[in-house]
Amino acid sequence: MGLWKGAVTARRYRVVGQVPQGWREAWRERLDAMAFREPTGTTGKEELEGWVQIHNLLDTSFSRMDRWLYDPFAVFALRVDKKTLPAKLFSATVEKRCEAWCAERGTEKVPAAVKREIKEQLEEEWLARALPRVTLVEVSWNVRDGWALVGTTSEKACDRVRTRFHRTFGLELQPWSPLDFVEDAGTRSSLVASGPSAFGGEA
Amino acid sequence: MSAEATPIPAHLGSELLLWLWWTSERLEGRFDLPAPAGTVDLWVDDRLAFRPPGDTKVTAVLTGENPAHTLEARAALAGGKVVQDLRIGLRRDDREFSVTLRGAGLDLVGLKLPQVLSESPDEAVVDRMFLYEEVVLVVAGIVERFAEARAAASWSRETVPAIRAWLRGREAG
Chain G
199 MGLWKGAVTA RRYRVVGQVP QGWREAWRER LDAMAFREPT GTTGKEELEG
249 WVQIHNLLDT SFSRMDRWLY DPFAVFALRV DKKTLPAKLF SATVEKRCEA
299 WCAERGTEKV PAAVKREIKE QLEEEWLARA LPRVTLVEVS WNVRDGWALV
349 GTTSEKACDR VRTRFHRTFG LELQPWSPLD FVEDAGTRSS LVASGPSAFG
399 GEA
Chain E
0 MSAEATPIPA HLGSELLLWL WWTSERLEGR FDLPAPAGTV DLWVDDRLAF
50 RPPGDTKVTA VLTGENPAHT LEARAALAGG KVVQDLRIGL RRDDREFSVT
100 LRGAGLDLVG LKLPQVLSES PDEAVVDRMF LYEEVVLVVA GIVERFAEAR
150 AAASWSRETV PAIRAWLRGR EAG
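Top line first, the protein sequences correspond to chains G and E.
Whatever position you read off the first sequence (first residue = 1), add 198 for my numbering.
Note that my numbering numbers the second sequence so that position 44 is 43, with each residue one more than the last.
You may find that some hints are simply not true.
[As the list claims (entries may be wrong)] Subject to a maximum C-alpha distance of 16 Å in a straight line, what follows is the list of computed EDC-like cross-link-like pairs (lysine to aspartate or glutamate):
no., chain 1, residue 1, chain 2, residue 2
1, G, Lys203, E, Asp54
2, G, Lys203, E, Glu122
3, G, Lys203, E, Asp126
[As the list claims (entries may be wrong)] Here are some chain G residues pointing at chain E (derived, C-beta under 8 Å):
no., residue
4, Phe271
5, Phe288
6, Ser388
7, Ala396
[Stated by the list, open to error] Far from chain G, by Cβ distances over 10 Å, these chain E residues were calculated:
no., residue
8, His10
9, Glu27
10, Gly37
11, Trp42
12, Asp45
13, Thr58
14, Leu61
15, Thr62
16, Ala67
17, Asp92
18, Arg94
19, Gly104
20, Lys111
Rather than coming from a laboratory, the hints here were simulated on the basis of the structure.
We put the CB at the ideal spot given by N, CA and C, even for glycine.
Model the full assembly from the supplied sequences, consistent with the hints where possible.
Right, here's the structure in full:
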């Protein structure tokens, strides 16, 4: 998104719900509770997600408010880690291991159960040494005015942030609409009810 | 602002972008927007994208210097395509911005903000967020102006024919 520098690409949301008294302390606790946790053991292909500071994706503590709360803005990022394996190389290696299994036993075919076991073993081996692909989506929340920017326009990534935001704060990120800026309700209704204009547009 | 978000129909989004393009040429870039946005200079910048009506996929992208005046832009409009992305430049007081307005939701994409001279990173974040909101303020003013024009009786009688003539003029080159 570029909170610090560079161009900003973001979707704007309203934050719907009640912000509690003493929200600063409450948000600190909730961000810490839903922060990214480095896995303690070997991880598989599952995605791991959690909040991190915008300063560095390895900073996962929100105990220092001056690292994430710049009144009226609370800023943090959703980190998502996912390990993937190179599919073609993986298949080729499985085939080679199957050939080796056949050669050892003087047979021509590998039983399905054995092939599955070879695959699972190889996957486990490779995932243990694979580094995850890490994505980050920044969030900037104006707590005072009740809106937030999510630093992407990808539907999937926005939905993931919205879900975690709700689980963390109990508040909903509701998509902003340009028509929200139309003050007059009658004008808004007539615009929504209007059909396409006939100048070669969406007619 | 309304209590509930009102989703904008897709055709209104593309009409707004086309109207904005037309208006920027008609007014020679000078917009008087409702308060608090006030007066801004606005021009079509270096990127335009078109899609077929009723579709969401972009089928023509024009970039470079002044794409709004190219034959390709005319051809896209003449062929019935609608505007999906409009990159605009904005000047408000002494601050200059550049941003792509994308799709019916008018997502702000690739927004370039003026340089901020903050001493600390946290100040920089806050300053940049306030600059972001300044652009939102301008977009709100544009939407208000469009809504007034679009809901007026003169829309079908005068505005649509004028835009049609403008399109024909562009076709004629």
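For each hint, the structure was consulted:
Under the criterion of a C-alpha separation no larger than 16 Å, the hint pairing Lys203(G) with Asp54(E) is inconsistent with the structure, at around 34 Å. For the hint pairing Lys203(G) with Glu122(E), the CA-to-CA distance comes to about 12 Å; that is within 16 Å, so the pair holds. Distance check on the hinted pair: Lys203(G) and Asp126(E) sit about 11 Å apart at the alpha-carbon level, within 16 Å; holds. The beta carbon of Phe271(G) comes within 6 Å of a beta carbon in chain E, closer than 8 Å, and the hint placing it at the interface holds.
Interface restraint check for Phe288(G): the shortest CB-CB distance to chain E comes to about 32 Å, outside 8 Å, so the restraint is violated. Hint status for Ser388(G) relative to chain E: holds, with the closest Cβ pair at about 5 Å, below 8 Å. Evaluation of the Ala396(G) hint against chain E yields a held restraint, the C-beta minimum of about 7 Å falling below 8 Å. Not every CB of chain G is more than 10 Å from the CB of His10(E) (nearest about 3 Å), against its label as outside the interface.
Residue placement check: Glu27(E) keeps its beta carbon more than 10 Å from all beta carbons of chain G (closest about 22 Å). Consistency note on Gly37(E): stated as away from chain G, and its beta-carbon is indeed over 10 Å from all of that chain's, at 15 Å minimum. Against the 10 Å criterion, Trp42(E) stays outside the reach of chain G, whose nearest CB is about 18 Å from its own CB. Chain G leaves Asp45(E) outside its interface by the beta-carbon criterion, the shortest separation being 13 Å against a cut-off of 10 Å.
With a closest Cβ-Cβ approach of about 14 Å to chain G, Thr58(E) is found to remain outside the 10 Å limit, as its non-interface label requires. The claim that Leu61(E) is not at the interface with chain G holds, since no C-beta of that chain comes within 10 Å of its own (minimum 17 Å). Every C-beta of chain G lies more than 10 Å from that of Thr62(E), the closest at about 15 Å, which supports listing it as non-interface. In this structure Ala67(E) is separated from chain G by more than 10 Å, as the shortest Cβ-Cβ distance comes to about 16 Å.
Asp92(E), annotated as away from the interface, keeps every beta carbon of chain G farther than 10 Å; the closest lies near 20 Å. The claim that Arg94(E) lies off the interface holds: its Cβ sits roughly 15 Å from the closest Cβ of chain G, which is beyond the 10 Å cut-off. A cut-off of 10 Å between C-beta atoms contradicts the statement that Gly104(E) is not in contact with chain G; the least separation is 7 Å. For Lys111(E), the condition that its CB be more than 10 Å from all CB atoms of chain G is violated, with the nearest at approximately 5 Å.
Hints 1, 5, 8, 19 and 20, counting from the list given before, are not met by this structure.
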